[in-house]
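K.L.:
Listed here are the chains, written in short residue letters.
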Amino acid sequence: MWKYTFKRIVLGLVTIWFIATATFFAMHSVPGDPLSSDKATSERIRANLEAKYGLDQPLLSQYFIYLGNLAKGDLGISFTQENRSVNDIIREHFPISATLGILALAFAALGGILWGALTALYRNRWPDTVIMLLVILGISAPSFVVAAFSQYGIVNLNMWAGTNILPVGGWGSVGHMLIPAAVLGLSTMAYLTRLMRSSMLEVVNTDYVRTATAKGLPPALIFTRHQLRNAMLPVITVLGPAIAGITTGGFVVEIVFAIPGLGRFFVEAVQQLDYTVIMGTTVFYGAFLVGMVILVDIVYGVIDPRVRVDQ
Amino acid sequence: MSSSPLLSVRDLRVDFAAHGGRVQAVRGVSLDVHRGQTLAIVGESGCGKSVTVQSLMGLIPTPPGRIHGGSATLMGHDLLASKMIDGQDIRGRLVSMIFQDPMSSLNPTMNIGDQIAETLQVHKGLSHADAFRRAIELLDMSKIPEAGRRAKQYPFEFSGGMLQRAMIAMSIACEPAILIADEPTTALDVTIQAQILDLLKELQAETGMAIVLITHDLGVVARMADRVLVMYAGEIVEQGSVDDIFYRSAHPYTLGLRRAMPSNDPQMSQSLLAIEGSPPDLFDPPKGCGYHPRCEHAMQACLESPPAYGLDPGHSSRCWLHHEQTSQRPDALYFQSSQGADHDPLG
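Protein chains in written order, with the working numbering: chain A, 1 to 311; chain B, 1 to 347.
Please note: incorrect hints may appear among the correct ones.
Claimed, not checked - If you want the footprint, here are the derived chain B segments under chain A, 3+ residues with CB under 8 Å:
no.: 1; region: 100 to 106
no.: 2; region: 116 to 126
no.: 3; region: 313 to 319
In case anyone wonders, no lab produced these hints; they're calculated from the structure.
Please read all numbers here as calculations on a predicted model, not as lab measurements.
For each residue, glycine too, the CB sits at the ideal point set by N, CA and C.
Produce the entire structure from the sequences given, and follow the hints as far as they go.
P.N.:
In structure tokens form, the structure reads like this:
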């Protein structure tokens, strides 16, 4: 298990290096730069920036300076926002995005497994039909549409109640988190429901479930110990990519609900060609995703003993 | 065998809903299982032998499956009505079962010891630690070396033969009265097959359990069985002691099976004879005797269902050839000793 974990982490670091390199060269192939914009920067700032990033040196030297800073954990200073380092931006705003993302993921995973198992148990009866219909809706509806509709719903609810039961936007209390997290996790949950359903239907007909029945185990035990655990394996496999879906989808939901998460900075930085913020947030998100995928792999190893063995 | 049977099945009928009709998998099977006895059910694929026992164990999916006739009594308890006695499942406790493919019959994400232990926890109320300790003893009884270490391993770390031993250990955990073995050695190679059969015999001698052995291998039958039921097209066509079936075959199908079995007896150097044709479509079974479309002795009467003709005590055959007015008396078949000549059936 330790060897397995170590191998995953080393591979993860290589992946992060690859992301950093690709981002760096992609950014430098974009025409124009922030220093040559209309709002001319002063000579001193320009000189300082050139000294720090080696902007007057060849691309390859810049690349090594960038990698050196990255290795020290220094993501640089924003080109457009005064006196803010990329590290500060991430430190302030990422916890908000992460809280939202984790809530959304928990909502999606628990909901997906629950609804999937339920539809499999009630296969071809009305609960199955109704849930699968909603699932198709959940997969097809874009998150900004669902977000807008849910805000409309919140407003109506508040008007009906006469007080503010749930806030329409912003950040701060648990009430601010619930609806955005549900909206953010919705399509992932719908996808996981489908996956769990088919996986569960496969497991129900396996020989080992027949063995469990022939042993005379109570149905609840057969369900939890022999069916659910095995049916969850494919769901856990896609949780890694699902985290990617939720973090990228987060940009849109954060903007609709006016949540001060990291997503907004990421999008704005691209519009303003803020090199350091773009590269910093991209590498950071990349590293975060790699970390999540490794975590999923480790969880997978815990649940399925066959994965643990090193070939 | 005068004592009352442990398990008594009468006229069991099972069918499955299929596209545009029902497949009649079991068409009136009656059988008795006696204490300490090994009953073999033989027949080719699709004759209904597995469905018979799986329907008794409640393992056929319903729907599409349906038990639509007959009765099954286990120690005075109506088995078809409920699998519970005093709130406890009889399966795994009074009757247990092992299956054809040990590779897929165990949960891949649970270690072997826990899978055996959970039977004991559920039926005997043991704690996990006690049940696990007992599981190691059971693995040891099933001749798995280093049982303590092996109990913590997972199915993918076992070979097929070892998994079948683990399945056997699991099935005898609660000392059942009946062990149903559904083709237990079909997926294993021949040397392992012999070891597994020996193990079953040994455990039977120790615990006195009855074994219901389902197989299509007459070699396995000869080695293990006390009594044999020959099934064809969802019906029992002949039943008797293992000697009755092998030396006094009274049904043309049994004879056909025997002729298709290889032998190393130099006197039987004739080439193997296959039974012509293929098993009937149970969607629309043949009228009368299910075997008549393939039978070399078929006659007009075979369009009616034949009764079971008792030949000797415990030996019976469902074939019109045993009717006293039938003109044919094929030499290779056995007829009731008082009527037939004293001939050697293998001659």
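K.L.:
Against each hint, give a clear statement of whether it holds in the structure.
P.N.:
Verification of the hints:
{"no.": "1", "hint": "100 to 106", "verdict": "holds (count 4)"}
{"no.": "2", "hint": "116 to 126", "verdict": "holds (count 4)"}
{"no.": "3", "hint": "313 to 319", "verdict": "violated (count 0)"}
In summary, the structure is inconsistent with hint 3 from the numbered list given earlier, while agreeing with all the others.
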